[in-house]
Amino acid sequence: MPVVSAAAPESEGQAAARRDGELVSRYLAGDRRAFDDLVRHYQRPIYHLAYRYLRSEADSKDLTQRTFLKVYGALPRFRAEASFRTWIYRIAINLCLNELRNRRRGEATDRPELIDEAAAPPAVDLDALDAQERGAWLRRAIASLPPRQRMVLELRIFDELPFREVAELCGSTENAAKVNFHHAVKRLRALAEDNRKGDR
Amino acid sequence: MKKRPEELLAAYADGGLTPAEAAEVESLLAHSPEARGELEAIRRLLAEARQTGPDAAAEPDWDEMARAIHQACDAAPPRRFAWLWQPRRLIAIGALAASAAAVVGFIALRPGDGRETSRPRAAALTEPPATAPVEPRPPTTADGAEEPDALPALREPEVDELSPTELADLDDELESDDLGDQGFIADLLDPGAGGAGGDDDDDLDVFDDDTLTADELAEELPPDGIEKIDRFLAEVSAG
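From first to last, the protein sequence lines stand for chains A and B.
Under the working numbering, think of the first position of the first sequence as 932, with each following residue one higher.
Under the working numbering, think of the first position of the second sequence as 384, with each following residue one higher.
Be a bit skeptical, because a hint or two may be false.
Examples of chain A residues toward chain B, derived with CB under 8 Å [stated by the list, open to error]:
| # | residue |
| --- | --- |
| 1 | Y982 |
| 2 | S1075 |
| 3 | P1093 |
| 4 | K1109 |
Derived from the structure by calculation, the hints contain no laboratory data.
Beta carbons: idealized from backbone N, C-alpha and C, even for Gly.
Just chain A, same shape as in the assembly:
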């Protein structure tokens, strides 16, 4: 039985944290190009993070821009107690949740398809689906997870964050993040098994 290394993602995270810390320091010392580098490093993950929540490319671009605007305004007060990555993800997630809240309040009633984010995937015979269809089903299943399980799972498998940072972003302990991750996976498996049995 292979022993899975626990160190690899953390090492990458540490390297990223060191790089970000240097960029932040350079920016605070007056080097504007350092902020440009931060934008280049994080615009893509922030955009995709936003899209997972908002499911609209235009809204995701807008949210990415708003995230960096907030970062730009608040960077002079950034303290290195958390990593820059955790900090910018937190800002983006908060903006996403606010946006979803606004949609639910009816501010986007002209786009109801963007509000119904948590519908369970349709019952289908997964074994009969091709890879693309299975992928679509799986994404739908992930979107239907309870919010915290979904957040933990997505941050881990799509953003490749170490559990320590996932926990910080979810406001939980690292142990709780690991357990939530397990329950998210277990729930996905249960959905898939139910579909295979055709009893959903």
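Add chain B to chain A, keeping to what the hints say.
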């Protein structure tokens, strides 16, 4: 949250456990075929989810997006006095401003020895009123003649009419900054100088341990900090 090894299988499959946690899970796997089967299923699902990826948003033009972000940041009004927007500093500056306002207010309104002593009042006494006083007319009868036994019309009493000598004394007193026996004002302005406030008044100190004192604030401020505060307060009061 108390964790059981069974609840760490997914994190184990994903390589996210500490060595101690991994050892616990491996102990479970060593004697549980069910756990081993579940581990394999979890690995397949995680691999499939990673391969699938998140919802496939069209990739925007990243250069264009970066430019848009830079333009938005440039266009955003700069967060002026950003160094000021920290709770401790705001509290300290607020406390200083309140203390200064209290001292100024006290000096302006302090009761004297039975006479008005503030400059505005003295000035008001020496300047002509803006409108000419209306001389009260005596009561008249229906045909316009004066009533014979009518009381003389009441006149606003003239108050605080200081003689020129008294006014000169007052001006001297204010200009000399002689605050008489108001020792606690001197203490407020210079607590280290001793006097009525003294060390016994520590419990009245507006600065607690978590708040910057005036000296600490001065140290924390950038070299032109006071100037910035002045500008900031001027802008705030100008609306």
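Evaluated hints:
The restraint placing A/Y982 at the interface with chain B holds, with a minimum CB-CB distance near 4 Å, inside the 8 Å limit. For A/S1075, the suggested interface contact is broken, since its CB lies about 13 Å from the closest CB of chain B, more than 8 Å. Checking A/P1093 against chain B by beta carbon gives a least distance of about 7 Å; that is within 8 Å, so the hint holds. With 8 Å as the threshold, the beta carbon of A/K1109 comes within range of chain B, its nearest partner Cβ sitting at about 4 Å, so the hint holds.
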